[in-house]
Structure formats: structure tokens, C-alpha cells
Amino acid sequence: KEPSCGGSPAVAGPRAGRGGAAARAPRRRARSAPAPRRAAPTAAPTTARSSSRSRSTCRRTTPLCCAASSSGASPSVMGWSAEPTPPPGAGPSRSRSPAIRRTSSHRLLQFSQELKAGVSRAKQISQDLTKRFTRTQSRAALAEPPQPPPAAHPPSGIESALAARAERRQRAQLDRTKSTAQRAIKGLRFISGNTKASNNAWIEVQRNFDRLALDGRLSRADFPQCIGMMESKEFAMELFDTLCRRRQMQSDHINREELREIWSQITDNSFDSRLQIFFDMVDKDADGHITEAEVKEIIMLSASANKLARLKEQAEEYAALIMEELDPEGLGYIELWQLETLLLQKDTYVNYSQALSYTSQALSQNLAGLRHKSPIRKMSSKLSYYLEDNWKRLWVLALWIGIMAGLFIWKFIQYRNRYVFSVMGYCVTIAKGAAETLKLNMALILLPVCRNTITWLRNTRAARALPFDDNINFHKTIAAAIVVGVILHAGNHLACDFPRLIDSSDETYAPLRQYFGETKPTYLALVRGVEGVTGVIMVVCMLIAFTLATRWFRRSLVKLPKPFDKLTGFNAFWYSHHLFIIVYISLVIHGERLYLILDWYKRTTWMYLAVPVGLYVGERTLRFFRSGSYSVRILKVAIYPGNVLTLQMSKPPTFRYKSGQYMFVQCPAVSPFEWHPFSITSAPGDDFLSIHVRQLGDWTRELKRVFSAACEPPMNGKSGLLRADENTKKTFPKLLIDGPYGSPAQDYSKYDVLLLVGLGIGATPFISILKDLINNIIKMEEEDEASTDLYPPIGPSKASVDLDTLMRITSKPKRVFKTTNAYFYWVTREQGSFDWFKGIMNEIAELDQRNIIEMHNYLTSVYEEGDARSALITMLQALNHAKNGVDVVSGTRVRTHFARPNFKRVLSKVASKHPYAKIGVFYCGAPVLAQELSNLCHEFNGKCTTKFEFHKEHF
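When we follow my numbering, the leftmost residue of the sequence shown carries the number 132, and every step to the right adds one.
Read the hints as simulated data drawn from the structure, not as lab findings.
Any given hint might turn out to be false.
[Unchecked claim] EDC-like cross-link-like pairs, simulated, lysine to aspartate or glutamate; straight-line CA separation at most 16 Å: (1) LYS949 - ASP878; (2) LYS438 - GLU365; (3) LYS1049 - ASP883; (4) LYS1078 - GLU365; (5) LYS1044 - ASP883; (6) LYS910 - GLU833.
In this text the structure is predicted, and so the values were computed from the model without any measurement.
Take the sequences, apply the hints, and build the full model.
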């Protein structure tokens, strides 16, 4: 037992009253001496209990107890005796005289009084210190500040900082609500937190372990591949080091049991456990504190795992930002609870570009009346919505198929009733029926690519009945029908008609001499004839053009060895399509030298082709002359990351266009024959034209090269982009333009709400729409204000109204702009892509004071929100925007989300926010997502009151 601070059991009475070293020396000896035996085991229990309370009080106020013990208090208290120990068997009560007992009682009473006085002084000192350490009160505010005792000292700066941090920690613990704890469970995941998925993943991890750990031990270098984190290898190896450091393992190899334990830790559903692992990853020296250097290191690691090169370059700046936010006391480190607070409350910083807010009640109201339906009513509803969405396509396809069927049956019956049927049979009827459909389709296939005509028809009433948005799809559908027709026509001729004609008897052949000559022809003679040669030429040219126009060849999905790799890409598609000139010339000759027809008016091929071919030739001629009249001057050039070239040029006076439209561009320095379509990214109200060109093929690569040569290197203090403008000394290459041409997005103003979705460079047609939307709304507001100011005053100062002025104002048509809101979703893979439209997006965000446009950027290279690899980036994003108003990923005022958007959730939120609205969904990008969006629009049209109409851009 430790001796009481009131005295030592081995110290005599006189020694206890001395101060200084004389009082402290016996205590040191008493600690080492054996404890004495009880002198009075039958002492009064009240005294023992009071002594015990005094000892506990002494322990709580140690400095004061020491002061009391040195003031002369007797050590023979609390049941301990200062007299010699009596011999065994002697009664303790008899060994003391009444005088001794009175002296002991008097000393005990005196010590108790002194002890109480010391406790009172300790309480007073404690209260005084508490008042002095309170940060919310200043000394000047106190009228009579308490005088500190001589032994007390004012708190130092480090003590004040520690006290302030302790106060913040208490507030943070109180603020940790149940909702934030629930959100935390979903955050900071290393591996999927789902138990079933985790179990299935562990089976795969075991397989990888058996494959990689040949000697039963897995190396550090193979750990990322084993747990499926090869794309973030550095992060996985740092995780390995952290978990091994926690287990105090020095080896770079682990066995199966250790891997199982590590796996259970990183897949733990406990947020606190995952938070501790993440904290330990940052805290390299395991001292429980995170310094700014350690924060910088983990930022660089997270940036590397998420392919954010710019964030890696600015790691030091962002580390200082985190320390400034979490360490306002300036202690130079942060602790676990501070990191937890930032993770749980990061949403409070994110008040920009929030996702659509909606409630289950609003969604229920939107779905009202559509849930309780019988199966028959549901099927009828789906059918009606399908017909409503596709009636234009359906009636055009039905009409086209009906015309083809009618022509085929007409020719089939016609040749079935002729003599030639007895010689060639059904082969000739099928061949002639297919030939008639080929005449129709070879004429129709030119109409969908007459872009000027279609652009003009879009502005007429014909747009209400014809699906002009599907012109390219219809062009492809007709091409497929031509392939079928060629197979039927040429196949029956070569494999059936000709052999049966050659094998026919002389008597059977006699009626056919007027068509084939007196002598029965051979198979080779039939093929070598004008009809046969032109037919073979057309088949070969069509085969080449059709093959190189397929998606696999046009988009270079087929990898061919050199030099055959030139057969893939846009150039191969472009030049092979010009074989149609040979095809149409051969077709006209072939139609004029038909077998079995002698009368010229029955040779109808030229009749089918006259109008479409004339229209198409006229359009190409118009392009040739119009492109020369559109004289443009390059105003500005910029080359952005991701191999994107931005060209800003002067706007010809006669060039009028709508947002969403595109134009064709030719650069003679690259190729004098190639024209390529590009969306116009400037708004109609701008005094210039701009396009964004991404390098995807050899033509765009060469275009970027020739304009890069005219650009100047960046100057000090400016961005590293290559730029040039009118003041550049070098000469820009000449550029020719033709257009504008219509697209689905140009009709955006017909809808109440817009949902614009762009993938990568597919955002270009929507940038112009967003700018035009803001400009139109601003103009409408200005016109309303101007019309209000123009009304003449009525009152005592003017007895009458100027009727001419009033009629002029009221008769002026008022601008009606139907669109009220727009939601823009841009999905890209590279951080540098945000530079393409950085200035435009900042301009829109600044002008949009009424929150008409809601913009969302999605970066797929960053792991989804909640993943441990992107947790620090999410915190940085929230902090930097709260302080500077700029997103750390995009460099704009628009928030960047991570991974891919859930478009089903997006459409449900838009539908709940805009019930009974007509919403236009416009998409430009890969075909896979187009199909998903189209299906979602059809699904929501069948179950909510909002009407979605889907449109995809085609070039």
C-alpha cells in the first residue's frame, strides 16, 4: 500500500512537523520500508471512515495534501500509531492511557480542520484557474478580476490551443447525429461492403492467391492483383504496408491466414474500423497525429490512383488547405476525430450544383393513378405510349415496306404470266421482283443525305409527320434492303436463270431468240455482256462501300496489319462511298440493256433515279459554290488536353443558324476533297463561329498538326496550352465551311424542360444550347422591362394617352420562350477535358442568376463517391469550393461527380420535379447509352405523368 499524503506510518511525531527536506526524507524511506502492523485494530470505525475519506480527498488534491502534511499534522492518524508496537497478546485498549487517547483525539481534530481549510483553498484556486483559462471571457470584461495565488501561472499559448481543440472535439461529438452515422456506413469503402458480394469476392481472392503465391506466401507486389486493385496499384501497396504495420510485421510476404485477416479488415462494415485504417495510411509514423507532409503524401497517392495529374501537381497547396481547415489552432497536426468530422460533414460544404431534390411524396403524386391498373390496361398503356413515341417511324416504314411489296408482287405476277417463266421458272420472277425494289431503293437512299433539303423541311409542317431525326438510320435501313435485293437479283440470275437458259432445248429456246440472239448464248457470253459486266461492277463496288461503312471498319474497331490498316477509319469510309458514282452510271447502263425488254418506256430505271439524283447533284453543286462565298477568317486557336483543337472564326453575314446545328468544314492544306461535320459550339447571338475538333482519325490529326504549327508556345505566367489569335505573326491555314445543317437538338425550344446528355466530345451541340437558353431568357426579361417603360404615363400630368404609341407597343409580337429549365450531364474520362468548355461553363454559371440551368460533370476515371481511394478528393472538393468557389477537379464553378451517373435515378428526379411537363432528352455519344436512355424514357412514359421524348444526334 502507498502511504497516505497526511504522513508516514514509520515517522515519529516530532519529525512530521518539520518542513522542507526533513519532512520529505522520511517519506522516501517510508516507501521502501515494510508496512507496520496495526497498533489499534479495534479503533473506532467512525475515525477510520473519516480517515479513509481524507485519504481519497488527498489523492484528488495532491498539491494541497502535501502542503497540509508539512504544516504540522500528526502522522498518527487514520488508525496508525506512532508508539512502539506492543508485544503479542497485549490488549490494545489497555496499552493506552486516557491522557494519550485525549492527545490523539485532539491531534486528529486539529488535522481534520486543517485538511478542510486546505480543500477550501484548493477549490478556490481551481475556480480561479478555470475562469482564467476560459477563452470566451476576456480580462477586460471582468470588473474585478480575481487575483491569482502566488503559485499559479498564466496559461501558455500551447495550453490555450489544446483547450480550444478539446472544446471543438466535444462539439464534434455532439454533432455526430444518427443520419451522419448512417451516411458514414456507405462511405470510405476499400472493397464492397455488401456481405454476399464480399464473400463471393473472397472466393476470387483465394483463386488469385493460389495462382500468385506459388510457395504459399503472397508478395507485396502481387497483393494489388490478388485483391483486384491493379488499376490503383500504388494505393493497394500502401494499404498493404499499413495493415502490416498495424500487425508489426516486417516481412513483405503474407500467408493465406494473414491475407484472410487483412481481407476481413478492409471489408469490415464498421465505419470506425475503416476510418482507423485510412487514418493509419496517412499517419506513416504511427504517432496518432497527421502532419501536413503526410497529408500531401496521401493526396498525391489518391491523385495517382484516380488519374488526376493536376491534383498531384497541386498537392502541397491542397494539403495546406486541409490543415488550415482542420487545424485552426496551429498545432501543426490533426487527429482522428477531426478527419472523421470532415468525412461525416463534408456535405455541408457542398452547396453548389446539387443533385435534383425530390421527395417520395412528390414522386408518388407524379405516379398517381398509374399504379392500380389491370394487366390489360397496363399493356394497352404501354402500347399507346409506344405508338405515340414511334408513330412517325412506323408509318414511314409501313409505307416503304408496302411499296416494295407491291412492286415485287407486280413484277412477280407480270413475269409469271410470260413465256419466259416456262424456261426459267420462279427464278426469273424472283429476280425481276427484286430488281424492281432495287430501282426504288437506289433512288430513295439518296434522299436522307440531301441535308440542305432536310434542313429546310424541318422548318415546315412536314416536320410534324416525317421523322427527319432518323434520316441516317433510314439511310442505313435502305442500304440493308439493297443488300438483300442484290443477293436475290444477282443470285437468281447467276445461279438459276442462266444455267436453265443454257440447258434449255432448241424448241424451248426458240421464242427467246428475239432477246438473246439466234444462237443460244453460253454462260461466259452472258456474263461478258454489257448487262453482266455492269452488274458485276455494281456488286463489287457496293460490297466494298458497304463493308467499309460498317461500324467495325468506320470506327477502326477492326485491327488490320499494315498496309491494310488504311482500310479502316473515316477516310476509308469517305472515299469508298464515292464509288457510288460508278454504281449509278453502271445502274443506268444496266437498266437500258435489260434482258427480256425491248420497249424503251418499259425500261424505268432512269425514271426512278431522275429526281433523287438531280436533287443530290444540286446539293453538292450548292456546297461547292456556297463554300466559296462563305469567307471566314481565323480569330483564335487553342489546343487543349485530350487532343482537342478549338477554332474560332469570323461569322459570315449570311450564315444564320440555330443552336444544336452543325456545319461541314474543309481544310485544303489537309485535303482538298474531304468535308467533315462538326457541331457549332457558339451561340447564334455571338459575333463569331466556333467548333471543337477532337483528334480521332488521320484527317483530324493532320488538322491539329497544321494549326499547331501556327500557334505560339505559352508565355511565362500563362497556362501551358498552345494558343494563337489574329495578332499572331504566323499565317493560319485556309478554312472552308458549308452549312448550317439541321439536327434533332435544334428543336429544343419546343420542350418545357431539357435533359442534355453528352459523352466526351459529344457535349459540343449542347454548349451552344445552354448559351442560347441563357441569352434568350435575358432578352425576354429586357424586353419586358423595356415594354413597361415605354407605356405612356397616365395621370394628372397627362390627360390622354398617345394611341399611336400604345397600338405600336401592344401590336408588337411578344417573344414566347417555352423552355423553363435545363439539366446538363457531361460524362468524360479525362480531367483535362473540362478545359474544353471551362470559360463557357463559368460564364453560364455567372449569368444564370435564376438557376435555370443545372450542370453536372462526371469524371469516370475517379472512383465513385464513398470509395476510400476518392475520399480525400471528395473532402478537398468540398473544402476548396466552400472557400474559393472553384471545383478542384474541373477548375470551374460546376461540381464534378465521380464514376458514371445513374440515369434511372436522374430521370426519376426530373419527373418528380416537373410533373405533367414535356421533357426533351437529347443525347450525343456512344450508341450503348443511347439505347439505355431510350428504354428509360419509354419506361417512365408508361408509369408517370411526365412525358419524355428521346433524340439522338446523328452525323
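Tested hints:
1. LYS949 - ASP878: Within the cut-off at roughly 11 Å; holds.
2. LYS438 - GLU365: holds, 12 Å
3. LYS1049 - ASP883: holds, 5 Å
4. LYS1078 - GLU365: violated, 48 Å
5. LYS1044 - ASP883: holds, 12 Å
6. LYS910 - GLU833: It is violated: about 41 Å lies between the C-alpha atoms, which goes past 16 Å.
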